[in-house]
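Enquirer: Protein sequences appear in the order of chains A and B.
Here the working numbering is used: the first residue of the first sequence is 1, the next is one more, and so on.
Here the working numbering is used: the first residue of the second sequence is 1, the next is one more, and so on.
It should be emphasised that the hints constitute simulated quantities derived from the structure, not laboratory data.
Incorrect hints may have been included.
[As the list claims (entries may be wrong)] Restraint ranges, calculated between C-beta atoms of paired labels, are given here:
(1) Trp-375(A) - Phe-20(B): 41 to 51 angstroms
(2) Ala-146(A) - Gly-39(B): 43 to 53 angstroms
(3) Ala-456(A) - Arg-95(B): 48 to 58 angstroms
[Unchecked claim] Reference listing, derived: stretches of chain B covered by chain A, where coverage requires no fewer than 3 residues with Cβ under 8 angstroms from a Cβ of chain A:
(4) 16-28
(5) 49-56
C-beta: ideal position from N, C-alpha, C; glycine also.
Now for the letters of each chain:
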Amino acid sequence: MFQNFRQSMTWLHTWFGLVIGFVLIVVFFFGSLSVFDREFDRWALPDTRFDPQPMPSFDQVLLPALQKIEPDEADYAANMPLLHDPAKGPLTPRIELPADEYWAYTTHRDPVLSMGVGFGVPLARDPDGHNHIHGNATIDPRSGAAVRADQLKIGSEWFYPMHYSLNWPWMNLGIFIVGLAALVMLAALVSGVVMHRKVFREFFTFRPKKHTQRSALDLHNLTGVVALPFHFFFAFTGLVIFGAFYFLPVSQFQLKGLHDQHEVVEAAETGLPHQAAGVPAPLASVDAMVAQAKQRWAGRDMAGEVGFLMVHHVGDANSYVSVYRAGSDRVALVGEGIHFKGSTGELLFEDPPRSPVSEVNEFLTGLHLQHFEHWLLRWLYVLGGLLGCMCIATGFVFFVEKRKRQHAKAGVQGSRVVDALAVTTVTGMVIAATGMLVANRLLPADLAGKGDWEKAAFFGVWALAMLHAFVRSAPVAQARLNPAWREQCWTIAALAVAAVLLNGLTTGDHLVKTVFTDTYWAVAGVDLSLLVSAGIAVAVVRLLARREQAQCPTPAQADTNSSDSAAEVAHG
Amino acid sequence: MKHHTLRWPAITARVAAGVFGSYAFTWGFAAAGVAALVGLGVEYHDAETGMLMLAFLLFLGLFLWSFTATSLLRVWTVLAGGAALLFTAAWAIQRAILA
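So that you can see chain A by itself, here it is in the shape it has in the complex (with noise of 0.2 angstroms):
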């Protein structure tokens, strides 16, 4: 197909990259956007403004509100009959369904703390099986108050699943492709090295003063490479998280023998029940049990707090509590789980020290999921992140600048349609995360339904984004700039400065008093993030401005100016 293994490799990068890169630069900005989730959440959500809380009480805070939490309805609705077994006995009405599982959950960046219940289904099809209906809730450690169910934590419930799944739910759909964006993020790396052999060289070359094509191509080019490791270690690891699950989950499948065999081999090593006894028993203090787990930590040096707590068959006499370690102080995501008898308290079964695969597997998805305390690394994070976008941005723009004079002679609508999806997946994709946040400001508080809203307001905005890239993409078909660039420019400036404004009138929390007088660095930290956008926005619409009107051509020096650049292209 190819004449020389370059070319395929050009051929590659090209079309893989365009057509791909649609998707990855969406998995990058809201990938970048994720490092900060938590901190998206506190400005989305205004009575959650307070300090991050260590895990309190179980015995005096998680148990009564885990017993104030009913099975999700929609839950229950869509899989309520497919796991309940109508020839054993009638259904179990919804309220009526028994706790099986609790769990909590918390980290050194959440005031407001998760949990949720998973209900057993009596009567069930497949009584080995699975059977849960779930229900959730976030509630306020300090006094056991639930925090709305209807509103959208922004950062974590939206941003985070944007970054791996595209929050296309749909039989995994988006996660699948976010992993095939992943194999061809790999792969561009791979070939776009191939292609430019001068690797060092482009570390740094830049040269804005040429033509947006040159200057585009060197701009792909250094920020392919100077975060070339960056971009393959994520892309990579983003493969690895969701490998056993999604990608490659042999041992659901053809090894599922293999692998149920070594759950019985485990379970009896553990010691730890995996079936419910059917006799009912009540559970000892959870607290006291949470001591002992500490001090054990503690005993081997690695002193902490609980990050993640579980109480499994609930109410029966085979009922355990499991106690995880919050890991913020190392990189690899560990647990060093201590499980305890759920009547008695006594100790059942300590995690054993990691095997060497299994270490190196939690310090590469640790490194990726960054659940440690460190505020640097954090925001080097967001920097690579967004020199990815800045790449595959940069990669549209080439890929157009590049065909639209000759598309333009051909009378083609080719660099007309890839420029206007490009301006969508960039300029659009940011139009649309700061108006959700607008609209998270401008939506009554007590609206019902306001996470759905959001959601709406979200998508909505990129449609017109997107319908609007469209609308002014004609000039691309003469070659020239497509305004819909500057103008959504200017959009997200007026999105970002308003944001900050109604968070500052909305809830009083403006940045003179984040900043200075009651410091409450993550709404500051989205505040000032703002800004720092909406700076940028205008940089570039002077930018686009002094360029259009800079190639506003007669006929005549448009050629000119095309044969010049085939020339350069070539010794490029």
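Given the structure of chain A, go ahead and fit chain B onto it with the hints provided.
Expert: Same frame as chain A, now just chain B:
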């Protein structure tokens, strides 16, 4: 670059080989590798974690090779044949261990 020499059927066959053919081979490699390591006494989850990490690098290599190899027939023969062989090997090893 002579893009006009590229034909859609050839491109589709390459892309299908790169994505689906390489995936099938990678699956077979992971399954056979995990089964073989477990057979050699490696703990199951260690075998799984280690093989999956290698498998994604292999996937990348196969994906790239699907486009660089001159003969499309060879690409499909290696990917489909290798996938079938590895898949069978995984099945046979698992059967032997569980027996």
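Enquirer: Does each hint hold? Answer for all of them.
Expert: Consistency of the hints with the structure:
Judged by the Cβ atoms, the range 41 to 51 angstroms given for Trp-375(A) and Phe-20(B) holds: they are separated by roughly 43 angstroms. Roughly 51 angstroms separates the CB atoms of Ala-146(A) and Gly-39(B), a value that falls within the hinted 43 to 53 angstroms. A hinted range of 48 to 58 angstroms for the beta carbons of Ala-456(A) and Arg-95(B) is consistent with their spacing of about 52 angstroms. For a cut-off of 8 angstroms, the count of residues in the segment 16-28 of chain B with a CB near a CB of chain A stands at 3, and the three-residue condition holds.
Only residues whose beta carbon comes within less than 8 angstroms of a beta carbon in chain A count, and the segment 49-56 of chain B has 6; three or more means the coverage holds.
Checked against the numbered hints listed earlier, the structure breaks none of them; every hint is satisfied.
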